[in-house]
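K.L.:
Chains R and H, in that order, are what the protein sequence lines are.
Take the first sequence: its letter number 1 is residue 1 in our numbering, and every next letter is one higher.
Whatever position you read off the second sequence (first residue = 1), add 175 for our numbering.
Please note: incorrect hints may appear among the correct ones.
Calculated cross-link-like contacts (lysine-lysine; reagent style DSS-like; alpha-carbon spacing at most 25 angstroms) [to be verified]:
no., chain 1, residue 1, chain 2, residue 2
1, H, Lys238, R, Lys130
2, H, Lys216, R, Lys131
3, R, Lys69, H, Lys242
4, H, Lys238, R, Lys131
5, H, Lys268, R, Lys130
6, R, Lys65, H, Lys181
7, R, Lys141, H, Lys181
8, R, Lys173, H, Lys181
9, H, Lys238, R, Lys69
10, H, Lys181, R, Lys69
11, R, Lys59, H, Lys206
12, R, Lys141, H, Lys238
13, H, Lys242, R, Lys130
14, H, Lys286, R, Lys69
Read the hints as simulated data drawn from the structure, not as lab findings.
All of these numbers come straight from a predicted model, not from anything done at the bench.
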Amino acid sequence: MNELIYGLITGLAFGFLLQKGQVLRYDRQLGALRLLDMTIVKFMFTTVLVAMVGTYLLKDLGLVKLSIKATILGGNILGGLLFGLGWGLLGYCPGTSMGALGEGRWDAIWGICGMLVGGALYAEAHPLMKKTVLTWGDYGKITLPEVLGINHWILIVIFAAGGILLFWWFERKGL
Amino acid sequence: MKTMEKGQWSPYFAGALAGLVSIFSVWATGKYIGASTSFVKSAAMVENLFIPERVAVLDYFVKNGPKVDWQWMFVVGILAGALVASLSSGTFKMQAVPDMWKSRFGGAIGKRAVVAFLGGTVAMFGARLADG
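All chains, full assembly: derive it from the sequences and hints.
P.N.:
Given below as structure tokens:
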């Protein structure tokens, strides 16, 4: 029960910030895909950088555990291509479709219905996928620091520096 | 620099706060932020009303059953949080067709509905295949 309340509160805070950052809008999401407006990239990448530093800090202090998903090239690449195609058509991702509905952009409802159908279809297709696509290039639960054999803080600094450089370039170009 | 609209926060500021929310969540409950699994669970809930025997035999639905959990509540929270934020800044707007769509494809609701539905279907299939 407690867990459900935490979920709701975390979602409330997250949805509030997504709306304030204006990343729920179809125009912003398509703007990013059309390389016209980098608002959502700025938001997402900042979130990732901050969360990366904080999460690894807590992990080094022994306070949290990472939740690593398997790298399966077949699923990651094919799934990523399909996700991108669908995202471009819909203009909302799963989380932001709910947020878009919350701020009155009710065309998100069509997308949410489609996602329920997509989820049901995937449940039907999963046994076949497990025998085919999800066996192609299965590297298991790996991370970049492990694969490269270097300390994670070196990578974090590189990512942060790259992010700041990218943001600087966006602002210069007025994106 | 893009000009800010009414009620808009800098994406860097809002994004950084969202990062802090994510860190706090992992620290407080061990939960990492995500959304797409909840759509599978919701699909299982809907299917359970009509064909529960099918839901019971599908591995993927057994693993991601028709159950309300942390992430499901998180996704509901996103809707509520966006509602509160938009009402508080006067940016809430009932809109059937987005501006950019309208300027390119016109204001017909049906056309937008069909494309959005198909897009959602394909996007969710891809998201689950990639396990994102």
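K.L.:
Decide, hint by hint, whether the structure agrees.
P.N.:
How the hints compare with the structure:
For the hint pairing lysine 238 of chain H with lysine 130 of chain R, the CA-to-CA distance comes to about 14 angstroms; that is within 25 angstroms, so the pair holds. For the hint linking lysine 216 of chain H to lysine 131 of chain R, the alpha-carbon distance of about 23 angstroms falls within 25 angstroms, and the restraint holds. Distance hint between lysine 69 of chain R and lysine 242 of chain H is fulfilled; the C-alpha atoms sit about 22 angstroms from each other, no more than 25 angstroms. For the hint linking lysine 238 of chain H to lysine 131 of chain R, the alpha-carbon distance of about 17 angstroms falls within 25 angstroms, and the restraint holds.
Taking the CA atoms of lysine 268 of chain H and lysine 130 of chain R, the gap is near 43 angstroms; set against the 25 angstroms cutoff, the hint is violated. Taking the CA atoms of lysine 65 of chain R and lysine 181 of chain H, the gap is near 40 angstroms; set against the 25 angstroms cutoff, the hint is violated. A C-alpha spacing of about 44 angstroms is found between lysine 141 of chain R and lysine 181 of chain H, which places the hinted pair above 25 angstroms, so the restraint is violated. For a cut-off of 25 angstroms, the pair hint linking lysine 173 of chain R to lysine 181 of chain H stands: about 23 angstroms separates their Cα positions.
The hinted pair formed by lysine 238 of chain H and lysine 69 of chain R meets the criterion: a straight-line CA distance of about 16 angstroms does not exceed 25 angstroms. Restraint check: the Cα-Cα separation between lysine 181 of chain H and lysine 69 of chain R comes to about 39 angstroms, which exceeds 25 angstroms; the hinted pair is violated. Distance hint between lysine 59 of chain R and lysine 206 of chain H is fulfilled; the C-alpha atoms sit about 14 angstroms from each other, no more than 25 angstroms. Distance check on the hinted pair: lysine 141 of chain R and lysine 238 of chain H sit about 19 angstroms apart at the alpha-carbon level, within 25 angstroms; holds.
The suggested pairing of lysine 242 of chain H with lysine 130 of chain R holds, with an alpha-carbon distance near 23 angstroms, which does not exceed 25 angstroms. Straight-line distance between C-alpha atoms of lysine 286 of chain H and lysine 69 of chain R comes to about 37 angstroms, which puts the hinted pair past the 25 angstroms bound.
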